[in-house]
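Protein chains: 2
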Amino acid sequence: MKTGGRLYGIGVGPGDPELLTLKALRLLQSAPVIAYQSATDRESIARKIVSQYLPGNQIEVLYHLPRALEPEKAKSIYDQEVEPIADHLASGRDVVVLCEGDPFFYGSFMYIFTRLSDKYQTEVVPGISSLMACPVSLGVPFTYYNDILTVLPATLPTEMLITHLLATDAAAIMKLGRHFTKVRDILHQLGIASRAKYIERATTTQQRILPLDEVNPEEVPYFSMIVIPTKQKL
Amino acid sequence: MKTGGRLYGIGVGPGDPELLTLKALRLLQSAPVIAYQSATDRESIARKIVSQYLPGNQIEVLYHLPRALEPEKAKSIYDQEVEPIADHLASGRDVVVLCEGDPFFYGSFMYIFTRLSDKYQTEVVPGISSLMACPVSLGVPFTYYNDILTVLPATLPTEMLITHLLATDAAAIMKLGRHFTKVRDILHQLGIASRAKYIERATTTQQRILPLDEVNPEEVPYFSMIVIPTKQKL
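Chains A and B supply the protein sequences, listed in that same order.
Be aware that the first sequence starts at 1, since it is given in full-length UniProt numbering, and climbs by one per residue.
Be aware that the second sequence starts at 1, since it is given in full-length UniProt numbering, and climbs by one per residue.
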């Protein structure tokens, strides 16, 4: 039997605090400890999303993971970063880990889950992913009927991106950052640039939607996406 | 300028009423008219999910769409089915359309959106999709780092399913129903059956998780999914 505190991984959605689920809100407010990730020099985005709901008497645990880290390097860093969370659980305190978007969809919570869920009772609450939020914010029906959808990291080599884009009905291209120009050029080459929609920081107060060719490649943030919706007419 | 009532399409999530977002709940309770889909002989799943939140004084509009309809046939049926919704909007009444999962992700709301959003002010609220809910209910981290994810309808031809499954890191196979046996055999053929997880009616009180080879192909419901999570170790 598992003893100690309970571990919760809750998706807090893409940015709009109202896109939290009722379940995430309930758990968020019921635990004595909350934990969240932040780049070392910035405010935690996940904490900012839920800040208005925090009761104010919780212990807060910050963990750090530099972005775009190779998986092998990430492993050893996470081994260290989960320790304060594990200590609270061992002491019998429930810990709610905040996750931007959805915890199991490219989420950093998965590193915590794989390290602690064998030992502690664990519950995960799905969240609104940017994959759903971006098409909605863009106002474009995304996939329907028998469409194939492919989610592609922009970090992939050009040939691989082309192969997948040719084989799919709809696509989302994530992790654009410094790979934006490569992706934009591929979309033009394949003749699908006019269908492609660019959005950054969807559902936040800083949300921006721009025509693909008006995006400044030097200013593409991590939280951006190109959505290629179904070409089927409904 | 658009006049008349406002049209809302709100995702109500996969089944657990607590997976509604705060925004969906607010809009749901604020409109004089709600609309939802149902197979002609069954209770509406979307309405059932939110039933405990309904204030009890709303006009309810039911629309029908037989499942697995060819897009061309669906078009003419939807032309008719949106009429009662359009009438309420024309009369100045806001209408909230309930959508299982997410409205723009294989959702029937898209048919309503394409017909009415040009004429009436429209707002869409993303919902928790089964794509996020199923891996969470299965307890399997789904995609991470630079994974490619492909969402495949089981209705695709065998060769096409094989090509896509070989080219992706993680996959979700939807619309299983009578195509289950074909998909299961492909997964064995490709040697990935042991990674594949089967779930039906995720997050509802009827949720079932079964080993792939213990699923009775005669009893696979529409609301089922096979999840093939990343094989990367975190």
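Derived by calculation from the structure, the hints in this document are not laboratory data.
Bear in mind that the values here come from a model prediction, so they are computed numbers and not experimental data.
The reader is advised that the hints may include incorrect statements.
The calculated lysine to any residue pairs, modelled on SDA-like cross-linking and capped at a C-alpha distance of 20 Å, are [said to hold, decoys possible]:
hint, chain 1, residue 1, chain 2, residue 2
1, A, Lys233, B, Lys231
2, B, Lys231, A, Ile162
3, A, Lys2, A, Met160
4, B, Lys231, A, Met160
5, A, Lys233, B, Glu72
6, A, Lys231, A, Ile162
Computed Cβ-Cβ distance ranges for the label pairs, DEER-style [claimed, not checked]:
hint, chain 1, residue 1, chain 2, residue 2, range
7, B, Asn57, A, Asp79, 21 to 31 Å
8, B, Leu210, A, Glu83, 50 to 60 Å
9, B, Arg42, A, Asp185, 41 to 51 Å
Beta carbons are placed, not taken as given, at the ideal position from N, Cα and C, and that holds for glycine.
Each hint, compared with the structure:
Proximity of A:Lys233 to B:Lys231 is assessed by CA-CA distance (about 36 Å); at most 20 Å being required, the pair is judged violated. A hinted pair counts as satisfied when its Cα atoms are at most 20 Å apart, and B:Lys231 with A:Ile162 does not qualify at roughly 23 Å. A hinted pair counts as satisfied when its Cα atoms are at most 20 Å apart, and A:Lys2 with A:Met160 does not qualify at roughly 44 Å. Using a Cα cut-off of 20 Å, the hinted pair B:Lys231 and A:Met160 holds, with the two alpha carbons roughly 19 Å apart.
Between the alpha carbons of A:Lys233 and B:Glu72 the distance comes to roughly 9 Å, so the proposed pair stays at or under 20 Å and holds. Our distance criterion of 20 Å between C-alpha atoms is met by A:Lys231 and A:Ile162, whose separation comes to about 17 Å. Under the hint 21 to 31 Å, the C-beta atoms of B:Asn57 and A:Asp79, about 56 Å apart, miss the expected range. Roughly 37 Å separates the CB atoms of B:Leu210 and A:Glu83, a value that falls outside the hinted 50 to 60 Å.
Hint check: B:Arg42 to A:Asp185, Cβ distance near 49 Å, so the stated range 41 to 51 Å holds.
When held up to the earlier numbered hints, the structure conflicts with 1, 2, 3, 7, 8 and fits the remainder.
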